[in-house]
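Participant: For reference, the chains in residue letters:
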Amino acid sequence: MKVKIGKYMPYYYAGASLDYNLIHIDREFAQANGLPDIILQGMCTMGLTAKHIIENDHPSKIETLKVRFLNPVLPGDELNFKSEKNDAEINIEVTNQNGNRVLRGQAKVR
Amino acid sequence: MSTDNIIGKKYEADYEISFEKIKEFAEVLGDKNPHYIDREFVKSIDGGHPFAPPTFAAIYCQPALKNLYLDSAFSKLVPRLVHGEQEYNFGESARAGDLIHTTAEVVESFNKTNRSGKVNQIIEIMTTSTNQNDKLVCTATYRLIIRGR
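So the sequences go chain by chain: A and B. In terms of the working numbering, the first sequence opens at residue 1 and continues consecutively. In terms of the working numbering, the second sequence opens at residue 1 and continues consecutively.
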């Protein structure tokens, strides 16, 4: 699954998720705190990861989901979601357009 | 600033899940799974209300976490906070109409030197969420990184 992170995605996700941490919505604040720009909520990347695993199945398919956020995701990034299934365990890796890993995770599915 | 005084302290709050919020959340993620957005489809499965996507947990845990973030021992750290790791263990599915009670607890805080030699503070928070029938819906572990200066 490939997802282009639109310019306004951190704002839309903030509204939907109630995560209004300023590093996601205020560029000046983000840069003053050592970040290159506003960054996407890690939980948004995780939400897209869950979508990638479940597709149109029942959401109870996921028993556990564990992820590690490796690099910040910026507006304009293009994310590539890849997964590998071994029995009930799925390994997930998300990379950006530069081939840098932004998320690594494991899911246990029912 | 020390966070020792918040280790073990519990922060609680309720969140009532609405179908409208589920739809809004699914739309932002571009998720068209009928279990979330199609009321009639879900009714035909078991007669119940639409389901929440698993990571909707971020929303129903939010009010309890907000109480932690507002604690003066923690609020000063928030500008330097980034999300390091996240783990969810799911029980009963969360659905529209559910009243979710969440307890958040800071379980651990320690310093860790990263690859570039900077000392970051790692804070681990655990949440437990139950529904109106006292059934476990989700437990979560948040590993937050407070970036060193």
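Check before you lean on any hint, since a few could be wrong.
[To be verified] Here are the computed distance ranges between Cβ atoms for each label pair: (1) B:Lys43 x A:Lys61: 34 to 40 Å; (2) A:Glu78 x B:Glu12: 35 to 41 Å; (3) A:Glu28 x B:Gly48: 43 to 49 Å; (4) B:Asp71 x A:Arg27: 33 to 39 Å; (5) A:Glu55 x B:Glu92: 20 to 26 Å.
[Unchecked claim] Here are the simulated lysine-lysine pairs, PhoX-like style, with alpha carbons at most 25 Å apart: (6) B:Lys21 x B:Lys76; (7) A:Lys61 x B:Lys32; (8) B:Lys66 x A:Lys2; (9) A:Lys2 x B:Lys23; (10) B:Lys66 x A:Lys61; (11) B:Lys135 x A:Lys108.
What the hints contain is simulated information worked out from the structure, not anything from laboratory work. A quick note: this is a predicted structure, and the numbers were derived from the prediction, not measured. Every residue gets a Cβ at the ideal spot worked out from N, C-alpha and C, and that includes glycine.
Participant: It remains to establish, for every hint, whether it holds in the given structure.
Facilitator: Structure-based check of all given hints:
1. B:Lys43 x A:Lys61: 34 to 40 Å: violated (20 Å)
2. A:Glu78 x B:Glu12: 35 to 41 Å: Once the Cβ atoms are compared, 40 Å apart, the range 35 to 41 Å for glutamate 12 of chain B and glutamate 78 of chain A holds.
3. A:Glu28 x B:Gly48: 43 to 49 Å: With a Cβ separation near 46 Å, glutamate 28 of chain A and glycine 48 of chain B satisfy 43 to 49 Å, so the hint holds.
4. B:Asp71 x A:Arg27: 33 to 39 Å: violated (28 Å)
5. A:Glu55 x B:Glu92: 20 to 26 Å: holds (22 Å)
6. B:Lys21 x B:Lys76: Status violated; Cα separation ~30 Å.
7. A:Lys61 x B:Lys32: holds (16 Å)
8. B:Lys66 x A:Lys2: The given pair, whose Cα atoms are some 32 Å apart, is violated under the 25 Å limit.
9. A:Lys2 x B:Lys23: holds (22 Å)
10. B:Lys66 x A:Lys61: violated (29 Å)
11. B:Lys135 x A:Lys108: holds (20 Å)
Taken one by one, the earlier hints fail for this structure at numbers 1, 4, 6, 8, 10, listed in ascending order.
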